Amino acid sequence: MALVLFTSIFAAAAVLVDSEWPHIFFDWTVTYSRRAPLGVDKQAFSKSTLLFNFDFCMNGVQLRRNSWQDGVQETNCPISPGQNWTYSFQIKDQIGSFFYFPSILLHKAAGGYGAIRVRNRDNVPVPFAQPYQEFDILIGDWFNADHRTMRASLDEGNSLPIPDGILINGVGPNQAIFDFELGAIYRLRISNVGLKTCLNFRIEDHLMLLVETEGSYTVQQYYSSLDIHVGQSYSVLVTAKEQAYNGLSYYMVASSRFTALELFGVGIIRYPDSEVDRFGLLPAGPPPYDYEFSVDQARSIRWNLSTGAARPNPQGSYHYGSINISRTLVLENGFMYEGSRLRYTINGVSFVHPDTPLKLADYFQLNDEFTSVSFPDSPINNSTLPTLGTSVIDANYRDFVHIVFVNPQQHVQTWHIDGYNFFVVGMEWGPWNESKMATYNMVDAVSRSTVQVYPSSWTAILTDLDNQGMWNLRSQYAENWYLGQELYIRVKGVGEEDPSTIPARDEAPIPVNIIKCGRAKSL
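The sequence shown begins at 0 in numbering that gives the first Met the number 0 and counts up by one.
Just so you know, the hints here were simulated from the structure itself, not pulled from any lab data.
Since the model is a prediction, treat every value here as computed from it, not as a measurement.
Careful, some of the hints might be misleading.
Unchecked claim - Straight-line C-alpha distance at most 25 Å; calculated SDA-like pairs for lysine to any residue:
id	residue 1	residue 2
1	K240	P126
2	K91	Q129
3	K491	S321
4	K41	Y31
5	K41	P77
6	K240	E261
7	K41	Q129
8	K515	S79
9	K491	I509
10	K91	A309
11	K491	Q89
12	K91	G315
Claimed, not checked - Simulated DEER-style distance windows between Cβ atoms:
id	residue 1	residue 2	range
13	N512	R118	22 to 30 Å
14	D276	G182	20 to 28 Å
15	L304	L522	43 to 51 Å
16	Q219	P430	32 to 40 Å
17	N122	K435	17 to 25 Å
18	S316	D398	18 to 26 Å
19	N380	R340	22 to 30 Å
20	A128	R298	22 to 30 Å
Backbone N, C-alpha and C define an ideal beta-carbon position, used for all residues, glycine too.
Using the sequences provided together with the hints, build the complete structure.
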């Protein structure tokens, strides 16, 4: 299985590796640099020397049997200034388009993210012809303010403002240029790496054939534009024009959705002999608040049952609809105030980080880290006030879990679960109750790792907890995540009492180079 890794949006040199290599090694150091993608100079991340506390999360990449390498605050201690740490993990039973990003202290607002491609093994055919070339396209909102200033504002009880603009591959309007050859077919791997803004992606006078999303091959359908929510990745095929038209180049657009002020990121598709500069109206997308368009499009994306992905057997040979559900979780997003400070909640609980990462606390049996709150499986009733706590859901290995995300708020939400893909079986307006399960798609619902929930609506997913460890479930909105909208799922072997004795076949052992902090520092 081959991995292609871009070092960051500001140092995007691709590293290509042969699919037969059993081990792949990257030497990667990170530092600050000064960048001004929208004309305002700010401190951003680039590839050089490590100068800050850092953790990286690989969005959607399932680190099979190894939550020790997950790169979020409760599974890894941050890498301290001047220090280094080696992530060592296996990408197993997975292909597709993903991205990585810094996961703590709102570092993501300073960039530092990049694309990840996981290719099919040689013995598993791809369900389309080999494209002439592939492009990684990272779209996302951008704030001119320094990430530390933004974090201080959140700490004072404020929400993030409207973004200053939209970037494509880390640059401003008309600066991301993609060269097309006449008649060639291109694969575009598009990821929304932003903090809070859903984006509609489109290419002037070109259709996009959707073929893959976050590790799943989809039923192949043409779209003139795609809504891509925060944290989501899509892979499309685009066929270039058969002949050039009077030196014309074409706009690539990522425009904000569901925002009071519509923002535009603009790139250029250039053909041989076409002009680099382009003037004129941008191609129109859906109206900014057309939720029905977005919902209908989301429901149209289905699993390709006839093709293999990470394995030769067809994706549809896994009949998720025939598996008995062992547990239902209803998770409702909300908010509260800690004094004058805004906090975000799940089922009335806003996550507070303990002094020792939960993964270490679990391993060394520091069990008091898990007793600060009893996390409810469904939303609290109106008579119970929201609270602060360290939210952990205990679950057994191979539980088949039904999760319903309920969004009573008036803005779109997106959710992600580390270490897992899940089947998006239902999505509908209004309140959820058990009768809605009769409407679920139990045959060809798409499998992915990040899903949206529209205002005053719900989204239902099914997932098999076949990956032991401590796994993060979170809002993909950076503000919500930073202010408490997350929890952890502790997936343990049945009857397992001592996590330190879990055999390597079920979960990877503690790394020999583990960074220890908090109360585990001297253990």
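* Hint numbers contradicted by this structure -> Of the numbered hints, 6, 7, 17 do not hold.
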